[in-house]
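> Letter by letter, the chains look like this.
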Amino acid sequence: MRTLRLGPVVGVAAIALVAVAVPVLPLSNPTAMDIMHRLAPPSAAHWLGQDGYGRDVLSRLLWGARSSLGVAVAAAGLACVIGTGLGLIGGYLGRGAEFLTMRSMDIVLCFPPLVLALLVITLLGPGTATLIPLLALVYLPGFVRVAYAGVLSVRNQNYVEAMRVLGAGRARIMLRTILPNIGGPILVQFSLAIAAAILLESGLSFLGLGVVPPAPSWGGMIAAARATMAQAPLLLLWPCLALSGTVLLFNALCDAVRDAVDPQRVPRRRGAARVLDALAPGLVAAGGPVLDLCGLTIEIDTPAGTVCPVRDVSLQVHSGEILAVVGESGSGKSLSGLALMGLLPPAARVAAGAAWIEGQEVLRLDEAALRRIRGRRVAMIFQDPHHSLDPVHRIGAQVAEAIRAHRPVSARAARSQAVELLRQVGISDPERRAAAFPHELSGGMLQRVMIAIGIANGPRLLIADEVTTALDVTIQAQVIALLADLRRARGMGLLLITHNLALVSEVADRIAVMYAGEIVEQGSAAALLARPLHPYTQALLRSAPGEDGSLPEAIQGTVPSPQARPAGCAFAPRCTYRRPDCETAPPPLVDAGGEHLTRCIRWYEVAASVRSAETVA
Amino acid sequence: MVWVLKRVGVAVLLVAIVVSIVCLAIRLVPGDPATLLLSQGGVAPDPAAVAQLRHQLGLDQPLLVQYLASLRGILHGDLGQSLQDGSSVAGQILQRLPRTLELIGVAAVLALATGLPSGLAAGLRPGGLFDRAAGLAAALGQAVPVFVVGTGLVLIFAQTLRWLPAGGYVSFAEDPVRNMELVAMPAVTIAFGLFSVVFRMTRASVLDIARRDFVRAARAKGLARRHLLLRHVLRNALVPVVTVVALNLGTLLGGTVLVEYVFNYPGLSGMLVQAVDARDYPEVQGIVLVISVLFVSLNLAVELIYAALDPRVRRA
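Chains U and Z are the protein sequences, given in the same order. In my numbering, each number is its position in the first sequence, counted from 1, plus 167. In my numbering, each number is its position in the second sequence, counted from 1, plus 1.
A couple of the hints might just be wrong.
[Unchecked claim] So, partial list: chain Z residues that the calculated Cβ filter (under 7 Å) puts toward chain U: (1) Val13; (2) Arg217; (3) Lys222; (4) Leu305.
[Unchecked claim] Taking lysine to aspartate or glutamate and the DMTMM-like style, the derived pairs with C-alpha atoms no more than 25 Å apart in a straight line are: (5) Lys7(Z) / Glu304(Z); (6) Lys7(Z) / Asp311(Z); (7) Lys7(Z) / Glu607(U); (8) Lys7(Z) / Asp273(U); (9) Lys7(Z) / Glu265(U).
FYI, nobody ran anything at the bench for these hints, they're computed from the structure. Even glycine gets a Cβ: it sits at the ideal position worked out from N, Cα and C.
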């Protein structure tokens, strides 16, 4: 549980304290009339004046707090205890109990709360004795549902299973393991119920059907003050303020509790200005590669300070070429791809670097200019196709929409082009599939749809970010093969981001290996696979199952988090070639010949070890 | 299709249970309900009157006979006679229900017209100035009871400024301008509370949707911002908003009680309060029945609309 905001807690505590302490405070009798001084203005004896019967307003206000809160807390408490109990029983004791509790709550929910209250009051008459069980009944379903949902989510978790295996009884399991786990939501529901009960109680009292006059209650005071509203509008103000203020505080407490128990709460984002300098003239690369990325550095603001998940990354992709960017998760490869599209998450920003796509610099573009580039010159396909398509629109419409975003074609023409695109990416029966919703297609099929969207406007560069990770192994190779074919047919550059070196080794022209936000090795696929010059690449190759059936070797340790980067080589802590001088300064990226780059000061020995291993074999 | 039939079946079953509960509730009261209904301020009622009421309510007959008689009446659209003037309860309800529906309809339009755009704007820039201002308004709308808002409006616009009449009702057919004047304040009062619901739900929903992968993928297509917001973000965010608004409208069927009372508006729930005050059980029973049945039907409609908005639900 995180820290609770103090404001609402203190406010609610203060009101509760007043309500408890009212009997011992030196107040006038709240029901003592003084007709001679009816509607008297505030005086030393009566700080807030006197009402239509000459009764002390302050005293009635504070006693009103006691009755309102008393009824609300009692009702919410009753509902909480019974409702949580029923929910636990319904969730834990199997089908029959579940059906009974949940269905009976559905019946309670068939009546709007105020209507249910009025029906009961007609039969039983007004008064506190009716009010508390009545309000408890009204708010019962909320607790039952929260407790029931909580049990369902906790029921099958490992530790509950473990307790059952250890032979713990059902009652014990419910009380000791499940109850503490659903405590947060129940607490939220409790404060919600109190606020709602105060509102309902005051409404009924306002109608004269809740707390019975002359007993003081805020709703009753407002109703009485309405009669004299022309002469003494202030009489209306005090109970209105007290009532609204109290409910406001309880609602705020509710939000505070919810925030405190919500494990997924994200800290408020900070507005970050783009810090990138303008480009110096004369740097524009013309004619050359489809993508020329120079010195990309990305920063992210975290509560612990600014971190650099991507530093000084330079890449080139030529038309018709496949560059595979390989690395473990957290190596910064996906962020680099997103930066090229101008789609970095809000907390991240480009701190340095430049990227030319067909000669146009894209890291410094504003949103409008980026929009014209996205999907037209450079397109991106994402990891999880199930979540990358809008669930409420048909497949064909989502492809057509990509076409119409950049080309002035009619809706009808876009639709027929969309069907043609679906055919090109190997979707059988594309007319029928175009009319389907995303949830009706398989993952592999959806990823083909995403590829169709990607190539819809003939981009020069296609970024494919872990496009096979969410797919079956058998589908993975098909999707990669499709991408490779499309690249060849359309002459576009393909930036293939993946953690799976084996998968891309057959299709990639060049490979860049990333580790902890940096490129550690880059070269032609043939050279890099045959003669890896960085210990990390070597380890990656060994971690894939060999073709000869040899067992994969896991890489020891984990990628250092951006907060805890080593002073020297980032891979040093996991490296078998490590020497003391590896840990003193970050190694530079050096050219080992033939445009084969490596960020290892001992690359020569690494290469030698490969050769000697081959000799031995 | 099976799914729709199943939902309709459940709704019919719920209606049957609700009708039974309302018909039998009077039997659950401890003591003699007829005596209770006729008791005024602790004075014992006239035994002859009690006997007559017992006969009129069917309390002198066996439970099953009374229950079946009530059911037969309901199926024929007969909800019994008012204890106050002997008039037909069903007739009175039919006269008053449209007025309450008009009030709720106008309030819903006002709340959606303000809540949706402000929720979208706030959700797109959480923590911004607009978000905080609108959030404060929504917090007030949630906390300040309707009868306080209504009384405040009467004090300002009717008593002090004298721009609008304090209360009453004239049908639209009779005098459209007067009708609007009279509906304005109660509708705004209800809309204020409903605005909070629409705003909060839209904001939370937009915040959630804007984070989804498919929005990023849609941005990657290079869609225009307007298109992205309307077709993808708002369209998806609408699903929970529509659900919550519709459920709240159902609650409003009974929740207009306080507003109708404050503005002296002769709608259905005003009639309910009056009936409760007069302990006119047949009237209370009839109104509760109509409201609850409408409520259940509305919930059913919500589920069907939900399925229409979200294609994934249809399969389940």
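> Hint by hint, note whether the structure agrees.
Structure-based check of all given hints:
Annotation: interface hint on valine 13(Z) violated; nearest CB of chain U at approximately 12 Å, more than 7 Å. For arginine 217(Z), the shortest C-beta to C-beta distance to chain U is roughly 6 Å, which falls under 7 Å, so the interface hint holds. For lysine 222(Z), the interface hint holds, the least distance from its beta-carbon to any beta-carbon of chain U being 4 Å, beneath 7 Å. For leucine 305(Z), the suggested interface contact is broken, since its CB lies about 16 Å from the closest CB of chain U, more than 7 Å.
Only pairs whose Cα atoms come within 25 Å are accepted, and lysine 7(Z) paired with glutamate 304(Z) is accepted, the gap being roughly 11 Å. Between lysine 7(Z) and aspartate 311(Z) the CA atoms are separated by roughly 18 Å; this keeps the pair inside 25 Å, and the hint holds. For the hint pairing lysine 7(Z) with glutamate 607(U), the CA-to-CA distance comes to about 22 Å; that is within 25 Å, so the pair holds. Distance restraint check for lysine 7(Z) and aspartate 273(U): the Cα-Cα separation of roughly 16 Å lies within the 25 Å cut-off, and the hinted pair is therefore satisfied.
A threshold of 25 Å between alpha carbons decides the hint, and for lysine 7(Z) with glutamate 265(U) the separation of about 19 Å falls inside it, so the pair holds.
Comparing the model with each earlier hint shows violations of hints 1, 4; every other hint is respected.
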